[in-house]
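Chemist: Below are the chains, spelled out letter by letter.
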Amino acid sequence: MRPIQTTIAMIALAAAVALIHPGLIGPAMAQTGAIRIPVLVPLTGPLALEGTSQRNGAVMALTDAPVGVRIEYEVLDTGAAPETAVNALERVLARGGVSVIVAPIFGAQMLAMLPIAAERKVPLITISGTAQLTEMGNPYVFRFFPNDSVAKTAHALYVVEALGKKRPAVLFQTTAYGQSGRQHLAANFARLGATVVFEEGLDINLKDFLPALIKAKQANADALVLQLHAAPTALLLRQAASMGLGIPIVAGSAMHQPTTAALLQPAERKGVCAESASSPVSSIDPAVERWVAAYRREFGAEPDDFALTQYDAVRMAIDAAVQGARGPEEMRAALASGNFTGLAMTYKSDGMGNMAHDAIIMCYDDQGRPRIDRRYPRLG
Amino acid sequence: MSAIQLTANGLALGASYALVALGFVLIVNATGAVNFAQGDLAVAGGFLTVALAGVVNLPGVVLLPIAMVAMAGFGVAFAYLAYFPLRHQPPATVFISTIAFGIVLENGANGLFGAAPRLGPPLLPGGPVELSGLILPRQSLAIVAVTCVLIAGLQFVLMHTQFGRRLRATAQDAEMARAVGIPVGAMIAWTFALAIGLAGAAGMLLSNQFFIAPGDGTNLMLKAYIAVTIGGWGRIWGAVAGALIVAFFETILAVLLSQSAAEMFLYLAVLVVLGLRPRGLLGETIGRRA
Chain F
1 MRPIQTTIAM
11 IALAAAVALI
21 HPGLIGPAMA
31 QTGAIRIPVL
41 VPLTGPLALE
51 GTSQRNGAVM
61 ALTDAPVGVR
71 IEYEVLDTGA
81 APETAVNALE
91 RVLARGGVSV
101 IVAPIFGAQM
111 LAMLPIAAER
121 KVPLITISGT
131 AQLTEMGNPY
141 VFRFFPNDSV
151 AKTAHALYVV
161 EALGKKRPAV
171 LFQTTAYGQS
181 GRQHLAANFA
191 RLGATVVFEE
201 GLDINLKDFL
211 PALIKAKQAN
221 ADALVLQLHA
231 APTALLLRQA
241 ASMGLGIPIV
251 AGSAMHQPTT
261 AALLQPAERK
271 GVCAESASSP
281 VSSIDPAVER
291 WVAAYRREFG
301 AEPDDFALTQ
311 YDAVRMAIDA
321 AVQGARGPEE
331 MRAALASGNF
341 TGLAMTYKSD
351 GMGNMAHDAI
361 IMCYDDQGRP
371 RIDRRYPRLG
Chain X
1 MSAIQLTANG
11 LALGASYALV
21 ALGFVLIVNA
31 TGAVNFAQGD
41 LAVAGGFLTV
51 ALAGVVNLPG
61 VVLLPIAMVA
71 MAGFGVAFAY
81 LAYFPLRHQP
91 PATVFISTIA
101 FGIVLENGAN
111 GLFGAAPRLG
121 PPLLPGGPVE
131 LSGLILPRQS
141 LAIVAVTCVL
151 IAGLQFVLMH
161 TQFGRRLRAT
171 AQDAEMARAV
181 GIPVGAMIAW
191 TFALAIGLAG
201 AAGMLLSNQF
211 FIAPGDGTNL
221 MLKAYIAVTI
231 GGWGRIWGAV
241 AGALIVAFFE
251 TILAVLLSQS
261 AAEMFLYLAV
271 LVVLGLRPRG
281 LLGETIGRRA
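Protein chains in written order, with my numbering: chain F, 1 to 380; chain X, 1 to 290.
Please note that a few of the clues may not be correct.
Said to hold, decoys possible - In silico SDA-like cross-links for lysine to any residue, where the CA-CA straight-line distance does not exceed 25 Å:
(1) Lys215/F with Leu52/X
(2) Lys165/F with Arg120/F
(3) Lys165/F with Ser2/X
(4) Lys348/F with Pro115/F
(5) Lys270/F with Leu253/X
(6) Lys270/F with Leu256/X
(7) Lys215/F with Pro125/X
(8) Lys121/F with Ser97/X
(9) Lys217/F with Ser260/X
(10) Lys217/F with Leu268/X
(11) Lys217/F with Arg138/X
(12) Lys217/F with Pro125/X
(13) Lys270/F with Ser260/X
Please keep in mind that the hints were generated in silico from the structure rather than gathered at the bench.
If you're wondering where the values come from, they're calculated on a predicted model, not measured in any experiment.
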């Protein structure tokens, strides 16, 4: 066989082997200098709204990478079930060459993915609030959203210290997110000397919140504290306004989302407060304002905190890659030891993978416009 | 105020479930197959009215018949895509086809409208109604009233018109209906049109009172299925009674117990009904279904 034919045959053989064995594609890609960051987020199902924000934030960061850095990414829908997320994770890992993975906001999916990430030694960057994720000693998870021990501390502090309420009612979702928030709220209220006079877990598909609101009122609660996802938060606030609940409502982070607020009339959101990590649409920071304008241009939608913190998370990973972190182990080490000043806040691991330690409380004014009412820095 | 509002909300929710459940019953009677896309078709109706409200400035009560007619037309297309090509296959083939169609609809809505819940137009503009000192939620009352009109209209068409007799003849015995000259295929297509028109109405009614999101179809379908299982397959009033029972569990029983307990008791009730009256509380007129 002549040399040219031998070369062609070798290339063809290598290509065939690479196609048959996806695990070999990764090193080949790594040699080209590309950083592979798959985005696995829920784009359908009950958390599609939050997942879409997460996707948008990640994609903005990936397409906004510094000159000279070649990024490869793909977006996979993790749907509504943990097994769908696990399948998506297995698929991207099978192709190899992954530096870091943007992982779903859905706590139940994250819990299912964590053992695989640890086994395959690939870091996951997420904005899931479920506290348990970083309490399991898994060194491959990095959370860029205040976890419940931060967010729920701010939530409870605002109710008890800023509003002076001592008899809150807590309504939470029966998902991992809701249960985790409820647990931290209960602990914080107990620590602050407040008594939770009524609490109830609500299914994510529930449409009628009036029974729970009536019971909260009957329990003589002086504030209503919510740990609900976006659509249930809006529905509950609407029904609370309609029945004339008459007590302050401090919602979870879902209420800071412009899409949630858009479902309500200004009168229905007037006076409602919510905890969050930041509120990009209320920010007066010029860098955040520029980012908000770019987001609107790109997606034709209002950005929320999920999009902003996920953007920051991916930018930190890209920054680590620029500093020389290439493979997953180098990326994990960089995320674990570095610190990064993003648009929403400064991120640094607490040793367990919690990167975000600031929280805010935002409230809707008489015209139903959001404003930041209080900041709680370095809580965790 | 709370008790009245609770009852009105419960009735409005039950009324919307009833429209979805009625569509279920019509199709299962006519074809022997369960349409698992019925919830997603209701969601499609909700998004259609959201889109219409963004284009034309008309009150919801005017948009409702427009949406129903459009969804009825879509129902015929649905029949020719998801049912007719597979009707001679085992029943499982048809219900898998409807599940697949439902997933296509959900993802289509997600792609076209985004994942965020949307607020549909109100049936009637304005706030609560005051009647003899009682403050009543206007939208809930309007939903109940419109549902009553639609159910009464459906009952009239099925029981007192030649068209309705043909539909019922097709549902009871398609071979015999064909033998006496009834165009069975056309009657089945009309049944899909009616059922999906009703689903469209349910979607519109839900979209203002409870918002509408692409992923809502599965839950709606489940509620309709439970309503029909409790109330009785094959009967209009069974579906309506079943839907009201589901809403009773979700509202009244949720106040007395908790939402989780109410849901648990709802499914226990389904098991009891299946054990004691497998044909549902109001019986059924057909035998086999998917």
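Chemist: Checking against the hints above, which ones are violated?
Modeler: Of the numbered hints, 1, 2, 5, 6, 7, 8, 10, 12 and 13 do not hold.
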